[in-house]
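Engineer: Residue numbers (the working numbering), protein chains in the order written: chain P, 1 to 277; chain A, 1001 to 1277; chain L, 2001 to 2277; chain S, 3001 to 3277.
Take the hints with a grain of salt, since some may be wrong.
[Said to hold, decoys possible] Only pairs whose alpha carbons sit at most 25 Å apart, straight line, appear in this in silico SDA-like list of lysine to any residue:
id, chain 1, residue 1, chain 2, residue 2
1, A, K1185, P, K135
2, L, K2185, S, T3225
3, A, K1273, S, K3273
4, L, K2103, P, F262
5, S, K3117, P, P99
6, L, K2270, P, F262
7, P, K135, S, H3116
8, S, K3210, A, E1212
[To be verified] If you want the ones that stay clear, here's a sample from chain S, every Cβ over 12 Å from chain A, calculated:
id, residue
9, K3007
10, A3055
11, S3203
12, K3210
[Stated by the list, open to error] Derived coverage of chain P by chain S (criterion: at least 3 residues anywhere in the stretch with Cβ under 8 Å from a Cβ of chain S; other residues may be distant):
id, segment
13, 110–116
14, 170–183
Hints were generated in silico from the structure; no laboratory data involved. Note that the structure is predicted; figures quoted are calculated from it, not measured. Even glycine gets a Cβ: it sits at the ideal position worked out from N, Cα and C.
The lines below spell out each chain.
There are 4 protein chains.
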Amino acid sequence: MAYNLLKGKKGIIFGALNNQSIAWKVAERAHEEGAEIVLSNAPIALRMGTINELAEKINAEVISVDATSLEDLENLITKSMEIFGGKMDFILHSIGMSPNVRKGIDYDALNYDYYHKTLDVSAFSLHKVLSTARKMDAIKEWGSVVALSYVAAQRTFAGYNDMADAKAILESIARSFGYMYGREKQIRINTISQSPTPTTAGSGVSGFDKLEDFSDRMSPLGNATADDCAGYCITLFSDLTRKVTMQNLFHDGGFSSMGMSFRAIEQYEKSFKECPE
Amino acid sequence: MAYNLLKGKKGIIFGALNNQSIAWKVAERAHEEGAEIVLSNAPIALRMGTINELAEKINAEVISVDATSLEDLENLITKSMEIFGGKMDFILHSIGMSPNVRKGIDYDALNYDYYHKTLDVSAFSLHKVLSTARKMDAIKEWGSVVALSYVAAQRTFAGYNDMADAKAILESIARSFGYMYGREKQIRINTISQSPTPTTAGSGVSGFDKLEDFSDRMSPLGNATADDCAGYCITLFSDLTRKVTMQNLFHDGGFSSMGMSFRAIEQYEKSFKECPE
Amino acid sequence: MAYNLLKGKKGIIFGALNNQSIAWKVAERAHEEGAEIVLSNAPIALRMGTINELAEKINAEVISVDATSLEDLENLITKSMEIFGGKMDFILHSIGMSPNVRKGIDYDALNYDYYHKTLDVSAFSLHKVLSTARKMDAIKEWGSVVALSYVAAQRTFAGYNDMADAKAILESIARSFGYMYGREKQIRINTISQSPTPTTAGSGVSGFDKLEDFSDRMSPLGNATADDCAGYCITLFSDLTRKVTMQNLFHDGGFSSMGMSFRAIEQYEKSFKECPE
Amino acid sequence: MAYNLLKGKKGIIFGALNNQSIAWKVAERAHEEGAEIVLSNAPIALRMGTINELAEKINAEVISVDATSLEDLENLITKSMEIFGGKMDFILHSIGMSPNVRKGIDYDALNYDYYHKTLDVSAFSLHKVLSTARKMDAIKEWGSVVALSYVAAQRTFAGYNDMADAKAILESIARSFGYMYGREKQIRINTISQSPTPTTAGSGVSGFDKLEDFSDRMSPLGNATADDCAGYCITLFSDLTRKVTMQNLFHDGGFSSMGMSFRAIEQYEKSFKECPE
Chain P
1 MAYNLLKGKK GIIFGALNNQ SIAWKVAERA HEEGAEIVLS NAPIALRMGT INELAEKINA
61 EVISVDATSL EDLENLITKS MEIFGGKMDF ILHSIGMSPN VRKGIDYDAL NYDYYHKTLD
121 VSAFSLHKVL STARKMDAIK EWGSVVALSY VAAQRTFAGY NDMADAKAIL ESIARSFGYM
181 YGREKQIRIN TISQSPTPTT AGSGVSGFDK LEDFSDRMSP LGNATADDCA GYCITLFSDL
241 TRKVTMQNLF HDGGFSSMGM SFRAIEQYEK SFKECPE
Chain A
1001 MAYNLLKGKK GIIFGALNNQ SIAWKVAERA HEEGAEIVLS NAPIALRMGT INELAEKINA
1061 EVISVDATSL EDLENLITKS MEIFGGKMDF ILHSIGMSPN VRKGIDYDAL NYDYYHKTLD
1121 VSAFSLHKVL STARKMDAIK EWGSVVALSY VAAQRTFAGY NDMADAKAIL ESIARSFGYM
1181 YGREKQIRIN TISQSPTPTT AGSGVSGFDK LEDFSDRMSP LGNATADDCA GYCITLFSDL
1241 TRKVTMQNLF HDGGFSSMGM SFRAIEQYEK SFKECPE
Chain L
2001 MAYNLLKGKK GIIFGALNNQ SIAWKVAERA HEEGAEIVLS NAPIALRMGT INELAEKINA
2061 EVISVDATSL EDLENLITKS MEIFGGKMDF ILHSIGMSPN VRKGIDYDAL NYDYYHKTLD
2121 VSAFSLHKVL STARKMDAIK EWGSVVALSY VAAQRTFAGY NDMADAKAIL ESIARSFGYM
2181 YGREKQIRIN TISQSPTPTT AGSGVSGFDK LEDFSDRMSP LGNATADDCA GYCITLFSDL
2241 TRKVTMQNLF HDGGFSSMGM SFRAIEQYEK SFKECPE
Chain S
3001 MAYNLLKGKK GIIFGALNNQ SIAWKVAERA HEEGAEIVLS NAPIALRMGT INELAEKINA
3061 EVISVDATSL EDLENLITKS MEIFGGKMDF ILHSIGMSPN VRKGIDYDAL NYDYYHKTLD
3121 VSAFSLHKVL STARKMDAIK EWGSVVALSY VAAQRTFAGY NDMADAKAIL ESIARSFGYM
3181 YGREKQIRIN TISQSPTPTT AGSGVSGFDK LEDFSDRMSP LGNATADDCA GYCITLFSDL
3241 TRKVTMQNLF HDGGFSSMGM SFRAIEQYEK SFKECPE
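Excised from the complex, chain P in its bound form (with noise of 0.2 Å):
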């Protein structure tokens, strides 16, 4: 069911590798609510994605973007203006990638490299698209800025390694340019912290399975999909949220508030017994 909620909006969505992506989602989801996209992604996932199947259906144009690169954004943001025929409405920013987590290093024995490489990646590409968009005075007045997080910000998950720190980090750029982009030009910039996802990315986190489904019984109302996601991302984007800015917004069936549910503690009971000889 669609409202009409962006009618006439357009922002840019980066992320989008294929139909599993949130990114894929929140474009076809903000398409229907009547928002014109471009859609953003780097190099190897257009090569690697099928993103060429969701630009055909919702009319979009895709433009390739290293979002480490200033002059990639730059040209970005250019080019997107020229299609909208103007400044954007929002912008989400759904990328992550730590070159730790891909090659099996364990957190305590980080490439320090890599590990710049990770924020450079997944958090200061935040930065730099709202640095550029800010340059060049790309987003309206009220516009809204979206981030994709994960409560290992906030608490530690084995296997998450410096993503952890990545997401804080992003989490942080959200409110420090929150504060700049919001007194000067009214635009919002928000993180949605979102359950475990079986995308591609989230997927290759080892032991992804378990983590999703004790995250599913910890939270009442269950992981919250990526379809979930889109909808909640088109709500963001609306006029109706125009004064909420610099959050951490939990997206996840309540997980974040759980402490120990009765399902995961039965769950975890089970794991006691002993089979009978």
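Given chain P's structure and the hints, the job is docking chains A, L and S onto it.
Structural biologist: Just chains A, L and S, lined up with the frame of chain P:
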């Protein structure tokens, strides 16, 4: 601008006194978005306020309720279900009152009967509404309950008195009941932590105007108004936020994430200027 | 090992039932560190427990107090000041009880008289102690008050029931009163959020053992014991922590900052193993 | 007054520049409490400061270290273990520097090389210290590591710039590494979030004096001084806080839990007074 976000939805709105009230604005906005509303307030509020004007405008019934009375609440829900022809989709709890504040009793010398009364009216009332609704199975699956809170639940504000404790327990009740009602019926329960708002209740707090000024200068987007809050409530009652539960959501132009803004410290600095003789 | 950290200091310790009690351990430790103690507990606790054994050991008087009674508290403070020959330096509040939990009433169907009782005993008692002490000017400047809490104040634990709300408001009272008493007399007020501890009270919660196991596996340092807590309290009563106030301090081996540990998820995973036929 | 709290303990203290430095006070206090210290700072800080005065006073060696250099850190730890005759018990990390702040570059136009440098010096240095110590197994079981932070990690302060992000990731590193090092060796890692302190580094921030004044009036106990911080650090290095880990501990006279104090709003109100003509 309306989006039909609440088309076909039905809900009870507590706490509309006059057209300054947040609840009043929410009722108007929900009506615009297609919802059918039952209004409820305390007998004295019905006499002192102008709720009938609102009721007429949005074609809603008004039911007098002492929100500390289980009997009254059961009556309200029975009648509402008759009016709605079945279960409801949402509830707004905008109820708060402290006899200690009213009588100017300082926090370190609280009257304990009044203290219980503060909690009974301002916090237990949410538990009672939920408990009664649950017993009568009065809320549809994926229904949404929102209660209004204030950042005094996390940080102490001089003069806010035992209302700070009331808001702290209100937020706890939203979490605790959010777990119970979520796992059973997928009903979500959240609190909105709203900017200081010049309603009849808010303005009554001593020193409100200076605090409002400070809060406004601290918040990059300025204070959120009652109208802003109405828009935000609509998103939380809609189907787009189904997996958000047990959260306290700051709706405050960024205040809660600010330590010190340039505008506020600039004003503060003026306080040290001395007049020339 | 003792350091004379509390040499010459005097304080009241509420809530020592038997040698499993946290308050018992704190009293012993405070005594070792040179403090003079008055012990206080409810009449029924004095009958059921073994507090006299402790009193003898640390040469302390025991004063029976219903902590919901202002009269009793005034009597306690009067007598304590006689014993101490003046003002005191610290107070430990380790008091909690829920009739709803005791009678097995579920959270969504709370008895409201019991609910008020839960708060009266478990939270308002802190306010009453502070209010009485302040009225009688019974605490020295830079004195220290500590109350025991649990992470259920922030996150919902199945079965913890209305004690979660009680702990949330207890922490709020510590903040609210911490502001009042701090600005006037430099008295600091904090809560310690302690690991689940197998005291008589703690063990009574249904499913305590499984939760304790989970909590222990989640916490990198394991659960904090009652003995550990005693050590931590001593630091908070000492002169070394004079500027710490209005804080909720997690003392839990790291639990509160964990999302998922390897040890816990490894155990959880076992729950899915099926027995061979 | 000394308690022998650190008798026989050994530790490295980073960041003592001159007798205004928090690290200087911690070193003095730790020495008084019986600890053996190695002092470390950057070559330029050794030249500009007066650390040798301190070294003489507390009979400590000074080792020059670029805290971004793994080689330097390895050398420091090797030498320290020689001096100590074995493993150490504690480490204080009081290191922070932002080239963006120094060069007056605004947050919305950060130089990204400088940004990486800010993180490298102010946050990754903690990771490197821990990683090196762990690799060399240089910290005893139940050892304690403390890093200094600021509330800007949670709330935005105008002018604090990319140091806010640095403190956010510093606190995340303390959690992430706290998990790893805790489960393996029972080593605890915490951050202290300290009041604005008029050190050489602190005072350099533009508008520091007004912020310090506001912070002091907001805090019921006033700002925590460098001396106060030293006392608090001692408790965290001692054996009395063994189960406190992965925490960010506010040491700020109550500031972090305040929304508005009477003293601050009273001062603020003066800013609106106009001079008589």
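Engineer: Among the hints numbered above, which are violated by the structure, and what are their numbers in rising order?
Structural biologist: When the structure is compared with the hints, numbers 1, 12 turn out to be violated.
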